[in-house]
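J.: Here are the chains, one letter per residue:
There are 2 protein chains.
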Amino acid sequence: MKRVWLTMVAAALLLPAGAMAADPAAALAEVRAFREAHAAEIVAELVEWLSLPNVATNVEDIERNAEMLKAMMERRGIRTEILPTGGGRPVVYGELAAPGATTTLLIYGHYDGQSVDPGQWHSQPFEPVLRRGVAGEWTTIPFPGASGKFEDDWRIFARSASDDKSPMVALLAALDALRAAGREPRVNLKFFFEGEEEQGSPHLEEFIEREKERLAADLIITADGPVHQSGRPTIFFGNRGIMALEITVYGPTENLHSGHYGNWAPNPAMRLAQLLATMKDAGGRVTVAGFYDDAVPLTEEEKKAIAAIPPVEARVQERFGIAEPEGGGRRLEEMIALPSLNVRGLRSGYVGAEATTIIPRTATAAIDVRLVKGNDHQRMFEKIAAHIRRQGWTVLDREPTAEERRQHGRLVKVEKLDGYNAVRTPLGLPMAAALARAVERATGGAVVRLPTLGGSGPLHYFDALGLPSVGVPIVNYDNNQHGPDENLRLGNFFQGIDIFASMFLWE
Amino acid sequence: MKRVWLTMVAAALLLPAGAMAADPAAALAEVRAFREAHAAEIVAELVEWLSLPNVATNVEDIERNAEMLKAMMERRGIRTEILPTGGGRPVVYGELAAPGATTTLLIYGHYDGQSVDPGQWHSQPFEPVLRRGVAGEWTTIPFPGASGKFEDDWRIFARSASDDKSPMVALLAALDALRAAGREPRVNLKFFFEGEEEQGSPHLEEFIEREKERLAADLIITADGPVHQSGRPTIFFGNRGIMALEITVYGPTENLHSGHYGNWAPNPAMRLAQLLATMKDAGGRVTVAGFYDDAVPLTEEEKKAIAAIPPVEARVQERFGIAEPEGGGRRLEEMIALPSLNVRGLRSGYVGAEATTIIPRTATAAIDVRLVKGNDHQRMFEKIAAHIRRQGWTVLDREPTAEERRQHGRLVKVEKLDGYNAVRTPLGLPMAAALARAVERATGGAVVRLPTLGGSGPLHYFDALGLPSVGVPIVNYDNNQHGPDENLRLGNFFQGIDIFASMFLWE
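Chains as they are written, first to last, in the working numbering: chain A, 1 to 507; chain B, 1 to 507.
Check before you lean on any hint, since a few could be wrong.
[Unchecked claim] Computed spacing ranges between beta-carbons, pair by pair: (1) A:Leu83 to B:Glu137: 41 to 51 Å; (2) B:Glu137 to A:Glu354: 24 to 34 Å; (3) B:Glu67 to A:Pro202: 54 to 64 Å.
[Unchecked claim] Chain A side only, calculated, beta carbon under 7 Å to chain B, not exhaustive: (4) Pro144; (5) Ser147; (6) Gly259; (7) Leu276; (8) Arg285; (9) Thr287; (10) Val288; (11) Thr299; (12) Phe320; (13) Glu324; (14) Gly327; (15) Gly349; (16) Thr362.
Derived from the structure by calculation, the hints contain no laboratory data. Note that the coordinates shown come from a computational prediction; the quantities given were computed from them, not determined experimentally. Backbone N, C-alpha and C fix where the C-beta goes; we use that ideal spot for every residue, glycine too.
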């Protein structure tokens, strides 16, 4: 009985009426007016949440973030639960039914953040500040008062400002704005906000397998990642996978004086450099045997979609001071459709004021390998380990014993860290066309259709649901995601509210 | 008048008498008995001084060390002054005349220490502890009371325990012991204790030029460095020079997300690895053009001296877990007679728990180059810079501008830090024969005559004095000098007292 009554009410609500924006265009105009009038409150909610540290390795911080997110969702009438994953970093899950709707969107985001190195930031990572200016010449300004106006080019600097708290705040603000226009979502919404994405989602696969029925939907929407570098509204059809590893080369068992032993005791930093140098050629092509073999090539349709995107290489080169990109002139969008090998860190001995004249005991390289459709993270790891063995190294997956160090001249620990595979949804998916229309309606511009985002997302773990997935990113591309001075361009945030509101209308 | 009187008193003191050990052997027996009976006091003086932090970058600490050293010297009747160098890290200089003596020794040591990374130590670097055991299995034990006995294999762990406070304490204890045997030094002593050796002695050359007359002597004795790995008493005839440099490779102007840009934006860590890999071959030979050209080869006499030294390679390999030394089987002593290129540090992005998936902005390698006779530090730097240019890099000696980063694909900052040249005294020096006899008398064993120590010392700066120099090291070779857990084997310290006492007798 109740369900019938609800359906009737909903049907009534969908009729044109005085207090209700009748068509999507009118509704979206009201959404825009609402979020302009209430910008200070919307930004204040984001800033409050950003002030809560969320480095994923601190479980207590993560729990506090989950509680605040749950409260934010419940204020919007979303039926919300904190669901444990087994890892102490729960999923915040919420449902909002649209009476009569036949389509269900499962919206993915994550509320944990990458680790921070505060010494490298210009402000504290968990004390959000507002800045205006251009890259390298930012000026901190006070937040305007309740009635103040924000400019689109101003930015908020804080960890997770872009990755990935602001999309979640924009989703909730979109609900508020839509309701202010007298509308409710016309699709059922299931919100799935993860707490350990930056840790490689170690419990996600198991969790999804267990919660399969609850999570039933028609389409997964990823609310994560930046828009295309052209600044145009973007939807993406895949994420790269990722596999991280660490390589540690062993030198003498103690740091040795470089005067007494330099020239004779092998230097692990030099040997690590020599080993890394065998992995890429001067042009940046990975020389690990079979590295590119499993990658599924782009389809004709995907190639066409890339050709339709405005080229951004010159702009990105200018912005980040890149004189000669790798790839021999191929487009950025083509390059991210290939697997990549990136040295994300090097550590050995000391540099700068801390330098001491030693032969270091060890040298470590942290590497991430981005995977594309067709790659398997375990197989990719094996290829790299095999490459290292072919260079004459004895490969271990643990610290060597003293005896092993005495016996093997080239001894290396190669450790596989997290890893998951890539996902790529066919561009022709009908629901994606509906989504593209919704985005274009909100923004008035042609949407960029990216076959894959360069970034990784744990979408592979949603395989058990058998659902297609499409990404709807909103944040600026130059957001320093994962690094110091992460930031959010406010114009992107505000446009994101419009985009999500339009997506909720699904017309 | 006064001088004549003093000479007469001294002559009287040199006559055999009841309270006075008549011949050197008898005097040295009494020296040994004294330092055994007073071991606790001698060690306590060392421990007290080691408790004073002495990292050369902290000028106030250095001043406190200078004051304490001056007081220690004055307690022995050494006329001591603290002489400013212009750098805020003074020379502690003392004189002790031996009436009637025709030989003057200028004894060099340094009281500053290398920087410390306390997290890497097993105890606090400036809270000396006593340990017994073997490498990797040390047990901390309490210092024995006033009448307690120390065992030769026990060690004191602290920064500068070996490099270079203990030799100075041993010199002073040798004076005490000699006097207890009723003897005084038979050579004039000038003590020259530097406060910025670990900083590359930036003011030393100028200081010595200015103080030339005061420093007039017959022989420079370096009381620094470890004994030969065989454990045998050692004198050395030279020090390697040193030249330090830092190489910084530039990536994007901001850390970039490795997913969105990995494969396309060049990675400075990988490029640094590729550049370093061009500098040495797989066998460890430096491949920088002309690197070995200026090195003066060992003379036949030096080669013979090396051949007479017991080989230590197997022992050192076992001790430090080295399976395959560089140099294709050549002796360690031959290898340190060649210049060396050592990567003492690597830094880029983050590793371990701090790793974030970025393309780092920069990658830095800290390098030290040990120089031998014939090398010039500036010329050596030019050779390395020329090598880097030949690999296709644009070499700067400062940070690049944004515009330079946009224009030059391979942009590197190559910065020369400190540098000084090597010194090598001919093995045939007559005074060295007297010194070798003194060392052998104190220890009862054949002395190792090393053509050069592997370590650097700023002896080059003493060139203005036109004096030969010979090193008399006392500390154990496996002392973790410059690294964490620096330590001093007490047996070496005690033997050092005997050696210096014998040197003072100069018979």
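J.: So which of those numbered hints doesn't the model satisfy?
T.: 4, 5, 8, 9, 10, 11 and 16
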